[in-house]
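Quick mapping for you: the protein sequence lines, in order, are chains F and X. Be aware that the first sequence starts at 1, since it is given in full-length UniProt numbering, and climbs by one per residue. Be aware that the second sequence starts at 1, since it is given in full-length UniProt numbering, and climbs by one per residue.
The set of hints was computed from the structure by calculation and includes no laboratory data. Beta carbons are placed, not taken as given, at the ideal position from N, Cα and C, and that holds for glycine. Heads up, a few of these hints could be off.
Here are the simulated DMTMM-like pairs of lysine to aspartate or glutamate, each with C-alpha atoms no more than 20 Å apart in a straight line [what the hints assert, rightly or not]:
1) K183/X <-> D224/F
2) K69/F <-> D182/X
3) K69/F <-> E96/X
Chain F regions said to be covered by chain X (calculated; three or more residues, Cβ under 8 Å) [what the hints assert, rightly or not]:
4) 84–97
5) 194–200
6) 209–222
Ranges between beta-carbon positions, derived for each pair [to be verified]:
7) E184/X <-> L66/F: 14 to 20 Å
8) L131/F <-> M229/X: 45 to 51 Å
9) T213/F <-> V161/X: 55 to 61 Å
10) I299/X <-> G84/F: 53 to 59 Å
11) K69/F <-> V70/X: 39 to 45 Å
12) G184/F <-> I299/X: 47 to 53 Å
13) G62/F <-> G98/X: 46 to 52 Å
14) A282/X <-> R116/F: 57 to 63 Å
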Amino acid sequence: MLDIKDLKVSYGAVEALKGISLHVDDGEIVSLIGANGAGKTTTLHTITGLVPAQSGSITFNGHDLLATKSGKIVTLGMAHIPEGRHVFTRMTVQENLEMGAFSLKDQSGVGKGLERAFEYFPRLKERRNQLAGTLSGGEQQMVAMGRALMSNPTTILMDEPSMGLSPLLVKDIFSIITMLHAKGITILLVEQNAKMALSIADRAYVLETGRITMEGDANDLLHDEKVRRAYLGA
Amino acid sequence: MNSQLVMFISQIFNGLKIGSVYSLVALGYTMVYGIIRLINFAHGDFIMVGAYVLMLTAPAIIAMGMPAWVAVIPAILICVAVGVIVEKAAYKPVRERGNSMTALITAIAMSLLLENGAQAVFGADYKTIPTVFSIPSVNFGALHISGDTILTIVLGLVIMVGLQLYVSYTKRGKAMRAVSEDKEASILMGVNINSTITLTFAIGSGLAAVASLMYVAAYPQVSPTMGAMLGLKAFVAAVLGGIGSIPGAMIGGLTIGLIESLTKAYIGTITAGIITSAFSDAIVFGILIVVLLVKPSGIMGKNEGEKV
Numbered sequence: 001m002l003d004i005k006d007l008k009v010s011y012g013a014v015e016a017l018k019g020i021s022l023h024v025d026d027g028e029i030v031s032l033i034g035a036n037g038a039g040k041t042t043t044l045h046t047i048t049g050l051v052p053a054q055s056g057s058i059t060f061n062g063h064d065l066l067a068t069k070s071g072k073i074v075t076l077g078m079a080h081i082p083e084g085r086h087v088f089t090r091m092t093v094q095e096n097l098e099m100g101a102f103s104l105k106d107q108s109g110v111g112k113g114l115e116r117a118f119e120y121f122p123r124l125k126e127r128r129n130q131l132a133g134t135l136s137g138g139e140q141q142m143v144a145m146g147r148a149l150m151s152n153p154t155t156i157l158m159d160e161p162s163m164g165l166s167p168l169l170v171k172d173i174f175s176i177i178t179m180l181h182a183k184g185i186t187i188l189l190v191e192q193n194a195k196m197a198l199s200i201a202d203r204a205y206v207l208e209t210g211r212i213t214m215e216g217d218a219n220d221l222l223h224d225e226k227v228r229r230a231y232l233g234a
Numbered sequence: 001m002n003s004q005l006v007m008f009i010s011q012i013f014n015g016l017k018i019g020s021v022y023s024l025v026a027l028g029y030t031m032v033y034g035i036i037r038l039i040n041f042a043h044g045d046f047i048m049v050g051a052y053v054l055m056l057t058a059p060a061i062i063a064m065g066m067p068a069w070v071a072v073i074p075a076i077l078i079c080v081a082v083g084v085i086v087e088k089a090a091y092k093p094v095r096e097r098g099n100s101m102t103a104l105i106t107a108i109a110m111s112l113l114l115e116n117g118a119q120a121v122f123g124a125d126y127k128t129i130p131t132v133f134s135i136p137s138v139n140f141g142a143l144h145i146s147g148d149t150i151l152t153i154v155l156g157l158v159i160m161v162g163l164q165l166y167v168s169y170t171k172r173g174k175a176m177r178a179v180s181e182d183k184e185a186s187i188l189m190g191v192n193i194n195s196t197i198t199l200t201f202a203i204g205s206g207l208a209a210v211a212s213l214m215y216v217a218a219y220p221q222v223s224p225t226m227g228a229m230l231g232l233k234a235f236v237a238a239v240l241g242g243i244g245s246i247p248g249a250m251i252g253g254l255t256i257g258l259i260e261s262l263t264k265a266y267i268g269t270i271t272a273g274i275i276t277s278a279f280s281d282a283i284v285f286g287i288l289i290v291v292l293l294v295k296p297s298g299i300m301g302k303n304e305g306e307k308v
């Protein structure tokens, strides 16, 4: 379980997170929705240590993440698919996936991991020897997701997986997310596509300029008048 | 074989020999640039450090009944130590607090520190170094190619191919490529960025030590500033090949070596004595200007809007 308490983060004089608390229970999909600049990405970056926290606490299965070196967090079973995918463009699809298994002590599991990733994303198998930079946006998102799966995570943080994708691909990506959820993987999903994010989530939080302003059952939020007006364009 | 052809072929071999040295040095520049976007201007001076270690340890090694080239082992160890210390003590703190310009100035400062430090310890004058290789030359009719020339070229090729295989196929090598492309994503994969950077410096500095062995095999002299010009030419080679690219460093180094050697041999004749072989360095740096004007990303380079 991931538990964040009273987390504050600043970039210089700018307060990005003004004391947020949220938790993700094992096996849940929790969505974090909000406008641009609300602090969604900052939240994920602070969890995996890419951005230092000012105060507050983040614990993951009993580990104090704020005291854990960022490169070590993946070994605790948490993978982070960053916004904009961040695939290694000059490496092949297969090399990207292998990098995902970098933290595994036992590298003999890499082959199995590859097979599993290719099961989720058959298209990647066809393109395994192609440089990731030559793939389309949707395929790159698949590489980023497959790469995250290679470390056998129990929890995945996803940052805007639908960004820049065609509606058809968005559907594909979301069906993969539900599939991962069905396999018992815990997911914290950051999305601007609030409708999709709320429709697959168990619970959700609404983030507004560094504060959590609403939280609750995702289905309730989906039908909440304020949420509908602010984030669902209805 | 006529004498013209014999001369031409031996010039080609000379070019490949010095080109192998440039390639090894260029690899150090290009790997460090690839991973931290820094032109390590002290890299040429690592060769000088290696050469002094060779000079100091070779007599003892000969006295122990071993061949002189075994001195390359202490040279590699010392160069790796110097490279890693320079990174940890000077570049890392500056990188974390300053910008790329402060890092570049720090690199120039480290170069001056090493050169002047060597001068303070060993004096400014040239010192000779014992013969490191005593291998018979190879003869094809009138063509004589010295043993150290062939050894240098072969050793250079083996190291370059080995390095390329290392970064292509090993876990650590892949991590180096990953870090050079995207540090944030590499951290998320669990790569330790600092140890990867340290490894890169260690490999680059070790290659500089091997380059110093090859260099003193050809020119058995040591001086505090010997690495400056050699380093600059290797830097040109790295830019010509495409900075950040390992195959580029090899191609660039060999090309610069060949151009230099052939220019020295023929430019006087071709231009009827107007341009003499004394201009060969000017021609090498002229290449740098042309590359920067025509194809700044170099032969093998990736087009990135990055500057020194």
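Evaluation of the provided hints:
1. About 40 Å separates the Cα atoms of K183/X and D224/F, which puts this hinted pair outside 20 Å; it is violated.
2. A distance of roughly 18 Å separates the Cα atoms of K69/F and D182/X; the hinted pair therefore holds under the 20 Å criterion.
3. With a C-alpha separation of about 17 Å, the suggested pair K69/F and E96/X falls inside the 20 Å cut-off, and the hint holds.
4. Chain X is given as covering the segment 84–97 of chain F, and this holds because 7 residues of the stretch bring a CB closer than 8 Å to a CB of that chain, at least three being needed.
5. Here the segment 194–200 of chain F counts 0 residues with a CB under 8 Å from a CB of chain X, which misses the bar of 3, and the coverage is violated.
6. With 0 residues bearing a CB less than 8 Å from a CB of chain X, the segment 209–222 of chain F misses the requirement of three and the coverage assertion fails.
7. The hinted range of 14 to 20 Å is satisfied by E184/X and L66/F, whose Cβ atoms lie roughly 18 Å apart.
8. Separation of L131/F from M229/X is about 38 Å and departs from the stated range, judged on CB atoms against 45 to 51 Å.
9. Remark: the range hint 55 to 61 Å for T213/F to V161/X is upheld by a beta-carbon distance near 60 Å.
10. Between I299/X and G84/F the beta carbons are some 30 Å apart, a value that contradicts the proposed interval 53 to 59 Å.
11. Between K69/F and V70/X the beta carbons are some 40 Å apart, a value that agrees with the proposed interval 39 to 45 Å.
12. Checked against the hint of 47 to 53 Å, the C-beta distance between G184/F and I299/X comes to roughly 51 Å, which is consistent with it.
13. About 39 Å separates the C-beta atoms of G62/F and G98/X, a value inconsistent with the hinted range of 46 to 52 Å.
14. Between A282/X and R116/F the C-beta distance comes to about 59 Å, which sits within the given range of 57 to 63 Å.
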